[in-house]
Amino acid sequence: MTHAPSERRPAWLNVLAALAVLGLAAGAWTGLVTSPPDVNQGELIRIMYAHVSVAWISFLATGVAAIAGMIFLWRGARLADVVSVAAAEAALLFGALTIIGGMTYSRPTLNTFWTWDAKLTLTALMVALLVGVFVVRGLIDDPQRRGRVSAVILIVVLASLPLNYLAAEWFRTLHPAKAIDLTGGGVTMDPIMLQILLLNVVAAALIFGWLMAERIRIGLREARALEAREARERDREDEVVRVR
Amino acid sequence: MTDLKALLAIAGKDFRSEARSRAATVATVFFSSVTLVILAFALGRDAELMRGAMPGALWVALAFSGVISAAQSWQGDLQEGALDQLLTLPFPRAALFLGKLLANWLSMTLLGALLLPVAVAFFGADVAAAAVPTLLVTIALGTLGFAVIATFYAALTANLQARESLLPVLMFPVVVPILLAAVRATEAAVGSGDIALARSWIELLAGFDLVYLVVTSAIFHVVVEE
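Note that the protein sequences, when read in sequence, are chains A and B. Going by my numbering, the letters in the first sequence line up with residues 755 to 998, in that order. Going by my numbering, the letters in the second sequence line up with residues 2 to 227, in that order.
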C-alpha cells in the first residue's frame, strides 16, 4: 500500500532532465553568441532559433497527444490516456510560448505584434482547441468517458490543423517566405544557422521529452491513487452491507 | 439500404418534432435577423463599408444561430431516455449521426437561403442574377461543413454542464477553415461577381467538408458509447 521501491524516482529521469537543461544551455549559447547576425534581420535572427524550435515541438506534441488518444480509443489502456494528457499539456505550454515568441519576433521585423499570418493564426487556434480539451476534461468525472471524449476532441483537432493552415495561408499571409521548404525545394539557410536551429530543435525536443516523462509518472501515480481510493470505498460499502 | 432508411427516419423524426414545436425555427430566424441588425448598427453608416461587410455579416449570423439549433437538436433525444432507446436499434451509430446531421444541415441551408436576401437588403450589396446559384451552392456547402462539426460537438457536450457556452468555444476554432472559405466564396460572388474565383473557394470548401464528414462519421460511435 505504501511506497513500493518502484515508486522511487528513477535515475534515468534525472539524466534526462540534466540533458534537457544542457541542451537548452547549448542552444541558447550557440543562438545568442556563436550564430552570426543575419543579412536581412541582423541580430533579430537570434529570436528565430528559440521561436521556430518551440513551434515545431508544439505541433509535434499535439500530434503525439492525438495519436495517444487514438491508442486509448483502440486499446482502452489508461497509460495511453495519461500519455495523451501529458502531451496535450506540453503542447499547450509550447503553443503559448510559440505565440509569445511569434509576437516578440514580429514586432521588430514586421512592425506589428499580431499578424494574421497563417502560422501564427494556426498556433492561436491550436491553443484555443487545446484549452477546450482541458475544459471538457474538467467536466467529466468518469475516467473512461473522460479519456474517450478528450481523445475524440484531439482527433478532430489534429484533422482541423491542416485545414486551418490551408485556409489561413490562402486567406492572407504576411509571413516571410519559408526558409526550409519541407516539400524538398532545398535549404536556403546558411549551414551554420541551420545547424544551430537544429540544435535548438533537439534541445526543445529534450525538454518536451523530460516534461512528458515527469507528467506521465505523475499521471500514473494519480491513476493508482484514484484506484486505491475507489477500492477502499468499495470495501467500506461491503462492510456496511455485512453489518446490516 | 436499411441503414439509409434509418438515417432518413432519424432526419424525418427531427423534422416532424421541429414542425410541431417550431422552437428552433423561431429562435434561429429571429436570432440571426437580430444579429444582422446589430452588425449593421455596429458598422455605422458608411455605405461602402456596409457593402463590403455583407458576406462576413451573413456568415456570422448563420454561425451564431447554427450553434443554437445544433445544441437544441440533441436535447429532445436526451429527455426520457429517448437516445438510449434509439441506440438499442440495430443500425450503425454513424447512421444516427448522419440523420441528425441531415436535419441540421437542411434547416441551416433553408435559414441561409432565407437570410441571404435579408443580408443583401440590409447591407445594400449588389448581387447579379448570374451569381445567385453560386451563392446558394456556397450556402449549402458552408452550412454542411458547419453542421458536421456542430452536430458532432453538440453530441459530445450534450450531457455536460454549461454546454450552451461550451459548444461555441469548442467548435468555433474547428470551423474556422469552413467559415473562411465560405466568406471568401460569398465575397467573390457578390459585387463584381468573380465566379471563377468563387468556384475555386467552393472547391476548397467541398474538400474541407469531405475531410470533416469522414473523420467525424468514423469516430462518432465513440461519442455515444455508454
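A hint or two may mislead.
As the list claims (entries may be wrong) - DEER-style ranges, computed between Cβ atoms:
no., chain 1, residue 1, chain 2, residue 2, range
1, B, 82, A, 916, 35 to 43 angstroms
2, A, 968, B, 215, 50 to 58 angstroms
3, B, 49, A, 773, 57 to 65 angstroms
Said to hold, decoys possible - Below, a sample of chain B positions facing chain A; criterion: calculated Cβ distance under 7 angstroms:
no., residue
4, 27
5, 171
6, 174
7, 177
8, 178
Unchecked claim - Which chain B residues stay away from chain A? Per the calculated CB distances, all over 12 angstroms, these:
no., residue
9, 89
10, 107
11, 206
12, 226
Bear in mind the hints are in silico, worked out from the structure with no lab data behind them. Even glycine gets a Cβ: it sits at the ideal position worked out from N, Cα and C.
Evaluation of the provided hints:
1. Range check, residue 82 of chain B to residue 916 of chain A: Cβ separation about 39 angstroms, and the 35 to 43 angstroms hint holds.
2. Judged by the Cβ atoms, the range 50 to 58 angstroms given for residue 968 of chain A and residue 215 of chain B is violated: they are separated by roughly 37 angstroms.
3. Between residue 49 of chain B and residue 773 of chain A the beta carbon distance is about 60 angstroms. The supplied range of 57 to 65 angstroms therefore holds.
4. Proximity of residue 27 of chain B to chain A is violated relative to the hint, the smallest CB-CB distance being about 30 angstroms (cut-off 7 angstroms).
5. Because the beta carbon of residue 171 of chain B sits about 4 angstroms from the nearest beta carbon in chain A, less than 7 angstroms, this interface hint is met.
6. A hinted interface residue such as residue 174 of chain B counts as satisfied when its beta carbon comes closer than 7 angstroms to some beta carbon of chain A; here the least separation is about 4 angstroms, so the hint holds.
7. A cut of 7 angstroms between beta carbons decides the hint on residue 177 of chain B: the least distance to chain A is about 6 angstroms, and the hint holds.
8. Given the 7 angstroms rule on beta carbons, the hint for residue 178 of chain B holds: about 4 angstroms separates it from the nearest Cβ of chain A.
9. Every beta carbon of chain A lies more than 12 angstroms from that of residue 89 of chain B, the smallest distance being close to 19 angstroms; the non-interface claim holds.
10. Taking the minimum C-beta to C-beta distance to chain A, about 23 angstroms, the non-interface status of residue 107 of chain B holds against the 12 angstroms cut.
11. For residue 206 of chain B, the requirement that its beta carbon stay farther than 12 angstroms from each beta carbon of chain A is not met, with the minimum near 9 angstroms.
12. Against chain A, the non-interface label of residue 226 of chain B is violated: not every CB pair exceeds 12 angstroms, the least being about 7 angstroms.
Violation of the numbered hints given earlier is confined to hints 2, 4, 11 and 12; the remaining hints are satisfied by the structure.
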